[in-house]
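Participant: With the working numbering applied, the sequence shown corresponds to residues 6 to 270, in that order.
Keep in mind that the hints were calculated from the coordinates and are not lab data. Predicted, not measured: the structure shown is a model, and the values here were computed from it. Take these hints with a grain of salt, some might be off.
Subject to a maximum C-alpha distance of 25 Å in a straight line, what follows is the list of computed DSS-like cross-link-like pairs (lysine-lysine) [unchecked claim]: (1) K135 <-> K122; (2) K267 <-> K7; (3) K236 <-> K7; (4) K50 <-> K218; (5) K236 <-> K50; (6) K50 <-> K7.
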Amino acid sequence: MKIADIHAHIFPEKLAEKASHSIGSFYGVSIEREADMPRLCAEDKLAGITRCVVSNSATNASQVQNANTFLAEAVRGHDGYLAFGTIYPGMDGFEEELDRMLELGLRGIKIHPDFQKLAIDDERGIETYKAIARRDLPVLFHMGDDRYDFSSPERLTNLLRRVPELRAVAAHFGGWRSWPRSLAHLQPESVLYDTSSTLGMIDRELVLRFIDKIGPDRLIFGTDFPMWSPKEELERFLSLGLDEAEQQKILYGNFMNLLHLKDGA
């Protein structure tokens, strides 16, 4: 069985422990692993994960360039590992930074509206998303939080009405801690979803309802490392009891299609 992870986070080793603590504090979760590349590689090996997208999210425009440079360097020399860069929508010089991201070899973008305190459909970000779409870069959006409204399902739909050509992935089944709302407000068929930070938090029946509604062709496995153990997240996914063809689409095939990858590349 081939396994890929669309959703993992890493930081420079000197900041990894602090980053894990900060993420855990924000979400009220105790994180026991450092968010760095060596720890991720070790845990992926235990889980049998051979391809992985790493990312982190700049909380303001001043962090963007350094974060993108770090992410590009972090995956260099690690076969199967790719990086999604970060951008602050509407920041000065976003066109130039998007071009630099392509030069660095970054393969997409991760946006965390709640960390950035900027709604997905905020008017200030529309031109940035149009520029991203012109470069055919997929965007992995953090979605949902019942404490905020920056990343609600409705806001992503609003953005896609303005920028329908944008390739979007809605993390956390489209709405972390807002799963019934996400299920009631499904995204356009062009949007993919990921499984991260969901499988251990809602019951099996609700997960299967999601999969039945959106279909296995629109779902990608994600662990949200360091939030959770990749091995344990994989076990949770396999316990759903999907058939082998459905499992392989979600665990690997949809990841490869999103990133225009072929085995051996």
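Participant: For every hint, state whether the structure bears it out.
Facilitator: These are the hints, each one checked on the structure:
no. : hint          : verdict
1   : K135 <-> K122 : 20 Å, holds
2   : K267 <-> K7   : 13 Å, holds
3   : K236 <-> K7   : 14 Å, holds
4   : K50 <-> K218  : 32 Å, violated
5   : K236 <-> K50  : 9 Å, holds
6   : K50 <-> K7    : 12 Å, holds
In this structure, the one hint that does not hold is number 4.
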